[in-house]
Amino acid sequence: MSQLAGVKVMVIDDSNTIRRSAEIFLGQAGCEVILAEDGFDALAKISDRLPDVIFVDVMMPRLDGYQTCSLIKKNPRYKTTPVIMLSSKDGLFDRARGRMVGSDEYLTKPFTKDSLLQAVAAHIRSV
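Position one of the sequence shown corresponds to residue 1 (our numbering), numbered consecutively onward.
Bear in mind the hints are in silico, worked out from the structure with no lab data behind them. Among the hints, a few may not be true.
Mimicking DSS-like on lysine-lysine, the simulated pairs with C-alpha atoms at most 25 Å apart in a straight line are [stated by the list, open to error]: (1) 89 with 109; (2) 45 with 74; (3) 89 with 113; (4) 8 with 74; (5) 73 with 89; (6) 8 with 73; (7) 79 with 8; (8) 74 with 113; (9) 73 with 45; (10) 109 with 8; (11) 8 with 45; (12) 79 with 45; (13) 113 with 8; (14) 109 with 45.
Have a look at the derived ranges for each label pair, beta carbon to beta carbon [said to hold, decoys possible]: (15) 113 with 6: 13 to 21 Å; (16) 112 with 3: 13 to 21 Å; (17) 112 with 32: 20 to 28 Å; (18) 23 with 44: 17 to 25 Å; (19) 93 with 48: 28 to 36 Å; (20) 102 with 59: 13 to 21 Å; (21) 3 with 24: 25 to 33 Å; (22) 30 with 93: 32 to 40 Å; (23) 28 with 93: 28 to 36 Å; (24) 75 with 99: 17 to 25 Å; (25) 112 with 77: 26 to 34 Å; (26) 28 with 74: 13 to 21 Å; (27) 27 with 96: 29 to 37 Å; (28) 93 with 47: 17 to 25 Å.
None of the values given here were measured: they were computed from a predicted structure. The beta carbon of each residue, even a glycine, is placed where N, CA and C say it ideally should be.
Whenever a hint applies, use it, and build me the whole structure from the sequences.
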């Protein structure tokens, strides 16, 4: 998947294990990985780093994934940036709520290397 080389991917998750797994998988594919522990951390980094794709965990302290996604999508500068929700919950309600705040996809945890890379590949815009 060398087409992912240089793609900037932000991973927002309060779990160090999830962040580290995503960083390894994405890094092996040549992506530039930006890590954030929560929504506030992510919002502070987005304007500096301008990620191409953003993964956001649904269940986080302080600012949850739905709130974080909503704030990203309400900003005209980032509304076209793909946001992919990450959650261990796979219910219809959870997916619908993700769509309501503007998420582009919903990926269930634990994710595989393939599912993570496929999600990135499906959402990157041709440069």
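Structure-based check of each hint:
| no. | hint | in the structure |
| --- | --- | --- |
| 1 | 89 with 109 | holds, 8 Å |
| 2 | 45 with 74 | holds, 16 Å |
| 3 | 89 with 113 | holds, 19 Å |
| 4 | 8 with 74 | holds, 21 Å |
| 5 | 73 with 89 | holds, 22 Å |
| 6 | 8 with 73 | holds, 18 Å |
| 7 | 79 with 8 | holds, 16 Å |
| 8 | 74 with 113 | violated, 30 Å |
| 9 | 73 with 45 | holds, 15 Å |
| 10 | 109 with 8 | holds, 21 Å |
| 11 | 8 with 45 | holds, 12 Å |
| 12 | 79 with 45 | holds, 16 Å |
| 13 | 113 with 8 | holds, 17 Å |
| 14 | 109 with 45 | holds, 24 Å |
| 15 | 113 with 6: 13 to 21 Å | holds, 18 Å |
| 16 | 112 with 3: 13 to 21 Å | holds, 19 Å |
| 17 | 112 with 32: 20 to 28 Å | holds, 21 Å |
| 18 | 23 with 44: 17 to 25 Å | holds, 19 Å |
| 19 | 93 with 48: 28 to 36 Å | holds, 34 Å |
| 20 | 102 with 59: 13 to 21 Å | holds, 18 Å |
| 21 | 3 with 24: 25 to 33 Å | violated, 19 Å |
| 22 | 30 with 93: 32 to 40 Å | holds, 36 Å |
| 23 | 28 with 93: 28 to 36 Å | holds, 34 Å |
| 24 | 75 with 99: 17 to 25 Å | holds, 18 Å |
| 25 | 112 with 77: 26 to 34 Å | holds, 32 Å |
| 26 | 28 with 74: 13 to 21 Å | violated, 33 Å |
| 27 | 27 with 96: 29 to 37 Å | holds, 33 Å |
| 28 | 93 with 47: 17 to 25 Å | violated, 32 Å |
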